[in-house]
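Residue numbers (my numbering): 1 to 406.
Hints listed in this document are in silico derivations from the structure and should not be mistaken for laboratory results.
One should not assume that every hint holds.
Here are the in silico distance ranges between beta carbons for each label pair [unchecked claim]: (1) GLY175 / TYR343: 38 to 48 Å; (2) ALA84 / LYS171: 21 to 31 Å; (3) THR384 / VAL359: 14 to 24 Å; (4) PRO363 / HIS191: 27 to 37 Å; (5) VAL377 / ARG239: 14 to 24 Å; (6) ALA84 / GLY175: 15 to 25 Å; (7) ASN70 / SER242: 14 to 24 Å.
Ideal Cβ placement from N, Cα and C applies to all residues, glycine included.
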Amino acid sequence: MKIVVIGGSGLIGTRLVNMLRMRGHEVVAASPTSGVNTLSGEGLSEALKGASVVVDVSNPYSFEDLIALNFFETSTRNLLSYEATAGVGHHVALSVVGMERLPEYGYFRAKLLQERLIKASSIPYSIIRATQFFEFIGRIADEASEGSTVRLSSALIQPMAADDVAGALAKASEGLPVNGIVEIAGPEQFHLDDLVRRDLAAVKDPRTVISDPHAPYFGGVLSERTLVPDNDALLSETRFDSWLRQQANQFPNKRLQALAGTSHREHLPGSSRSMAALAILMACILATTGSLIAQAKAEETITPLLTNDLAGVAGKEVLMYTVDFPPGFSSPIHRHNAQVSVYVLEGSVVMQVRGGKEVTLGPGQTFYEGPNDIHVVSRNASSTKPAKFLVSLIHQKGIPLVIPAK
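Based on the provided sequences and hints, a complete structural model is requested.
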């Protein structure tokens, strides 16, 4: 069966694509880097040709209210229209548990609009509402941070692993449309403040979590059960402690895990904090295993050039720096929580995001990757000559800039 995964290069999409391929399906991992753009419609006709199922796990580059609303309205309308023309028989969409209970959060309002559009279309559908991911806990902490403290409600939360979310989507895509909503959640409930406290402790993050019943959660105030599902939710298997052990095994250097995974960076004022975070995080991106940061400093040079607030867009900033790759250098697989543009200055570099083609770039050539793209190849094309490139990023303040990936 041919299944098209929209957002196939992101956190959930990559896992889902791999699972479906292992089960013998023909899978298209659709994203702008593979030539499929749901906002413009580019590449949709070709991608959907002969498809039985479309699974939409895509997200906008920013969760800012208007950007999210425009993305979900435009992309969902386009996608459903092209699906109808192609004769797609099942539309599966990933959504979020509890959205209607937190209307203050613009991203949730945008997702609710997406659900309404799906329900009103002629395409049989299944909407899978998931609770928050374990992988998202660090961002919750960052959003709630004030200096060295994190203020959070003690409301209940029932998070789950991204692998389990992908597994539930794979099962839904192989089944019949339910023409309704299915809720999925983790096997355990926690108080939000306690969960974040445990997550920070696991990565040696020194911030203190303070319980505050009035603390905002992405702009809204939580009641006790805002974030938890109804009693008939399907429960996954992975428990939080098991997930923490998996993360520790994957990233044995705890400081790297704290910096590159989900946790907050050094608390420095203004642009100094951004520059310091940038230098450290880029070292993590370009490092190999072992004594990662020390090796990175010995092997490549990161030169920050500027950091500035993005005019007219609250909470966004622009970063720019140069990267010098020594001969033969290659960085590990990773993704950025940013829009990234690369301009080659000297030598040649090889770049590739998952689902896209490997390209070799020379001076004057450019490369782009989105916030959900997995950067699988980033290396110097030459084993004898250095390479240098300019990098510009647009990202949300307080959100991790880089996450190691498989």
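To see whether the hints hold, each was checked on the structure:
At roughly 46 Å, the beta-carbon separation of GLY175 and TYR343 lies within the given 38 to 48 Å, and the hint holds. About 25 Å separates the C-beta atoms of ALA84 and LYS171, a value consistent with the hinted range of 21 to 31 Å. The hint said 14 to 24 Å for the Cβ distance between THR384 and VAL359, and at roughly 21 Å that hint holds. Range check, PRO363 to HIS191: about 55 Å between beta-carbon atoms, so the 27 to 37 Å window is missed.
The hinted window of 14 to 24 Å between VAL377 and ARG239 is violated, with their beta carbons roughly 34 Å apart. Remark: the range hint 15 to 25 Å for ALA84 to GLY175 is upheld by a beta-carbon distance near 21 Å. At about 39 Å, the CB distance of ASN70 to SER242 disagrees with the hint of 14 to 24 Å.
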